[in-house]
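**Q** Respectively, the protein sequence lines represent chains C and G.
First residue of the first sequence? That's 1 in full-length UniProt numbering, and the numbers climb one at a time after it.
First residue of the second sequence? That's 1 in full-length UniProt numbering, and the numbers climb one at a time after it.
Just so you know, these hints were derived from the structure itself, not from any lab.
The model shown is predicted, which means the values in this text are computed figures rather than measured ones.
Glycine included, each C-beta is placed from N, C-alpha and C at the ideal position.
It cannot be assumed that every hint is accurate.
To be verified - Computed spacing ranges between beta-carbons, pair by pair:
id	chain 1	residue 1	chain 2	residue 2	range
1	C	N240	G	L61	24 to 32 Å
2	C	N405	G	I113	39 to 47 Å
3	G	F10	C	E58	52 to 60 Å
4	G	P93	C	Q93	39 to 47 Å
5	C	Q93	G	Q257	43 to 51 Å
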Amino acid sequence: MLRTSRGAASALGVLLLAGAAFGQDAEPIKLGVLEDQSGDFALATIGKVHAIQLAAEEINAAGGIDGRPLELVEYDTQSDNTRYQEFMRRALQRDKVDVVFAGFSSASREAYRPIVNQFDGLAFYNNQYEGGVCDANMIVTGAVPEQQFSTLLPYMIENYGPNVYTIAADYNFGQISAEWVRNIVAENGGTMVGEEFIPLGVSQFSQTIQNIQGAKPDFVVTLLVGTAQASYYEQAGAANLNLPMASSVNVGQGYEHKRFTPPSLKDMYATVNYVEEIDSPASKEFVEKFRAKFPDEPYINQEASNSYAAVYLYKQLVERAKSTELAEIRKVIAEGDVCVDGPGGQMCIDPKSQHVSHTIHLAHVTEDHSVEFPTKWEAIKPYWLGEAGCDLTVSDPSEQYTPSNPPPANG
Amino acid sequence: MDIFNLIFSFLYQFGDAFAFLVLSACGLAVIFGMMGVINLAHGEFIMCGAYVSTSAAHAGLPLPLAIIAGAVAAGIAGMIVELAVIRPLYQRPLDTIVATWGISMIVTQGTLIVLGPSMQGVGTPFGSFTLGGYSYSVYRVILMIAAVGTLVLLWLMFTRTRFGLLSRATIQVPHVAEAMGVNTNLIYSLTFGLGAGLAGLAGGLYAPTMTLVPTMGASFMVEAFVTVVVGGADIFLGTAPAAAILGIIKAALTGWQGQLAGQIGLLIAVIIVIRILPRGISGKILKERA
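Isolated chain C, as found in the complex:
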């Protein structure tokens, strides 16, 4: 049902990337891009749009996907969940795109996901998140808690001590991630000495800092989201809180270490599947290509890398399926060997959950805000959904599960 059609090219923001290399008859493959190019999340997501543009340009220069040019249909979702719903409907219904790359916050993903289900479309969510989405219409290329916390927290407990304090953004991402932190801390013999949820948009942390000092943790898990909440680091630094920090979401996404004056992020540890400092040939090549096209890009973050790799994952899926039909693409996913070498390492799609395995790098921010990598973990699988009973090759519940709300036992 998602066949491409001509005539919708008048859509706002349509970017024709097709060059003269393609024949008159090669119908373009349309990729909808719904990302926040303005509003509170824009800082972390403009790079995703640029990464998709870069990948599309490379693919078109090399002959397109299966001989067909890749055409981007871009919408600015303005960090606003209702915009996601409007534009998702427009992209699938009017523009008839073949695939959509959409979403930064988990709230926005949950806002548009029912619409993708309704039209039986295919959406890539290229963001790290709290995990648990078991939906055949979604492919998630971002890292999930079992990949980020099961590596990060044992390292922190071993190196700094067992007492943990969590501050998290107060919405589905922060709440569910904090639940993961509680579970993994307990499994590793640690103790939660405190937990605080911060409403989105809060920028003053004086009292929170004091609450943390009162609880005397060995390290603080920061799951802060949005630019307002990032003010925490500056204020904690100014109050000389001086505690090591661990995060699944900071540094790799909002490049706080580049934006704040050292040493406010000293001893921040983040598990990322990519940041631009990674010192590998693939990473260096990616940074070089990116900066050649977008010289003013302030930072190439994890989500930009995921989005870039996701375009190549999609290319491989379509070329192997010889179709843009979801059913054909999912047959290819079920073969279990869909992998690309992303800028941060190999990424393979897990057929049960349609999530992606990653090389997880431990990024340590030093006193002068340079980044070093004490260790990395290769081929970390998004195992939780599969183990908990989500198997998209058998059934498609289109639900989001959490550790306290797992899939029903009979599957």
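Since chain C is already given, all that's left is putting chain G on it; use the hints.
**A** Coordinates of chain G only, in the frame set by chain C:
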């Protein structure tokens, strides 16, 4: 000794909340409280002050001068906005909502396009001090002093200077002031500029402690409007006591149950105050006095 620490830490948190409420609300108290313009671009004047003062500090100006430069820049921007957009709308307060909201969106998005998604901060100066197991930022104490200082200066300006007298006269009964030979257009413009400049001052003062992004003004808006609505039209009888009461509520609830409780407490306080004091604290005081 422990009691002393407890009291000090509460006073510090109260002072911190008080300073944030006073500084975010002062400019709005002038523009919304006094002049009746519902200024949804208040946050953007704050952002303007923050950006200008940070750029000035990066350019080598000492921080206090840079903060003043931010306030002056926001004030000038305010006077331009007043002249170009607000002037025909003084008798149409609801239309000012749409006009200032539009300005807010244009400025936020324009800044994003021209200056990019964020700006490198200057870092919080002056370090920290330790008392009874807790460490505190020195700069936040300076913010408290700045809040009180701003209130005192404003009080002197409105009660002891000719500008203050003319400004109050113009806003209370414009046609009589005009008949007495006051250039009311100029006074309106200067008063609006003062409000915008105070917003810029808040931006400049908080810039070293915050993320500098085009949308940063939004995180001041709730507190600013809440304080002005609770306080009512008068800055000294309204904004200051409102900030004190709300500061106690916010510090106590945040310390007890976290940020969410603090936010909820703030909003519940407004609902209660609007219900029993429809014209705010100062409306009540002034009515009793009359």
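**Q** Hint by hint, say whether it matches the structure.
**A** Here is what the structure says about each hint:
no., hint, in the structure
1, C:N240 - G:L61: 24 to 32 Å, "holds, 26 Å"
2, C:N405 - G:I113: 39 to 47 Å, "holds, 42 Å"
3, G:F10 - C:E58: 52 to 60 Å, "holds, 59 Å"
4, G:P93 - C:Q93: 39 to 47 Å, "holds, 41 Å"
5, C:Q93 - G:Q257: 43 to 51 Å, "holds, 45 Å"
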